[in-house]
Amino acid sequence: MVLAKVVGTVVSTHKEQSLDGAKFLLLQQVDLEGKNSGGFIVAVDAVDAGVGEYVLYATGSSARQTKRTDKKPCDTVVMAIVDQWEVRGTTKYNKNEQT
Amino acid sequence: MVLAKVVGTVVSTHKEQSLDGAKFLLLQQVDLEGKNSGGFIVAVDAVDAGVGEYVLYATGSSARQTKRTDKKPCDTVVMAIVDQWEVRGTTKYNKNEQT
Amino acid sequence: MVLAKVVGTVVSTHKEQSLDGAKFLLLQQVDLEGKNSGGFIVAVDAVDAGVGEYVLYATGSSARQTKRTDKKPCDTVVMAIVDQWEVRGTTKYNKNEQT
Amino acid sequence: MVLAKVVGTVVSTHKEQSLDGAKFLLLQQVDLEGKNSGGFIVAVDAVDAGVGEYVLYATGSSARQTKRTDKKPCDTVVMAIVDQWEVRGTTKYNKNEQT
Amino acid sequence: MVLAKVVGTVVSTHKEQSLDGAKFLLLQQVDLEGKNSGGFIVAVDAVDAGVGEYVLYATGSSARQTKRTDKKPCDTVVMAIVDQWEVRGTTKYNKNEQT
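If you read the protein sequences in the order shown, they are chains P, E, Z, D and Y. Counting in the numbering used here, the first sequence runs from 26 upward without gaps. Counting in the numbering used here, the second sequence runs from 26 upward without gaps. Counting in the numbering used here, the third sequence runs from 26 upward without gaps. Counting in the numbering used here, the fourth sequence runs from 26 upward without gaps. Counting in the numbering used here, the fifth sequence runs from 26 upward without gaps.
Each hint should be verified, as a subset may be incorrect.
Chain E stretches covered by chain Z per the calculated footprint, using a threshold of three residues with CB under 8 Å from any CB of chain Z [said to hold, decoys possible]:
(1) 37-50
(2) 89-97
(3) 101-107
The set of hints was computed from the structure by calculation and includes no laboratory data. The beta-carbon is built from N, C-alpha and C at its ideal position, and this holds for glycine as well.
With these hints in hand, go ahead and build the complete structure from the sequences.
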């Protein structure tokens, strides 16, 4: 999985029918400090994530292993909202300590 | 999924038989401003997209989860035509406002 | 799928048994002008492509969706020989106009 | 598979339900000398690996071929803890010789 | 598939149980001249390849399509030992002509 931040949304009216109701999120990949690391990707939201939240996304066939993406032409899914991460014992991000 | 712009087409007469009738589109990957970001890829069209339109494409086994690509040797599919996207509350592209 | 040019072949006597009879092609990835863009890959040939031809290849599980690659440890297949491609209305390559 | 070092953990309370109980590890990719080579990824732990250990991770659908990840939206799994590796007859790392 | 050279081995005692008995090889990717091109990867050996040999490896779900890797958390497999390759009619490598 990849650590990313939700930065926006994509709207599509005309799409493969099985995707009706899917919500597309724009995600920016981040480094271990939570800073934008350059790449971005579009994912289907499986967990009601919002703009500004840190999330994990999964790709490939694993992106179809959620209730909202099963059997759909979706190769990227947000499957977790991140509360906290730490590197070598140091907390790099804690959702509850954000101001 | 990846945000891209349809820039052309590829024609192939001699191909795996299951692909008869498939339409191959040339897609250029774009950045969050909609500008060409360097890479391109060839996709099967599942949604009747046209040259000049912004689209989303899916890859891998997920590219076979459309009616037109099921069980075919296709690893990239255009599964949505993009109407609009926004980043941190700012609309970066709106199809209806293009001139 | 990726646009590439067949530039050579690979011979392997000792391989997973299910691959007996498979023909391995060396492919060089090309840009939209048909020029070598740096990368290369080895693919199983599903369409009797020859050295010098432009082709499309598919990767991942989609590379097993041809008669010749079904259930085999093959992650890249040439599934189409390219006749022509065009970008924004301009023909970049036409097989019949080559000399 | 990719050689990596466990450097941290990620905590997520709100995630796809099938992932309840999954432990997310932060992995840094390493070179043949065991040094950080730049990239990092988040994986589900299938083998009780700890921070500081060298591991192998597998991606894609293969990341779901463990008891802990079967049918889950997980595209990266730690499936082995590394004891030793050698390159051209030279031992580059041996877990028992670390101090 | 990717052309690579076997340069070493990785030993893991503690791993997902289904991988018991699997032999992990360290592979270095090579260019069309057979020279190290920078990247390396760890693969399960399906064909009894040895250090110093040129091989092909397959990735993703295709890496599970061998007798030794079926249903295992393995995303990279050595499925062929290379005897020879040629580029535009020139033999770049022939195993029998090595000294």
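Hint check:
no., hint, in the structure
1, 37-50, "holds (count 8)"
2, 89-97, "holds (count 3)"
3, 101-107, "violated (count 1)"
Going through the hint list in order, the structure does not satisfy hint 3, though it satisfies all others.
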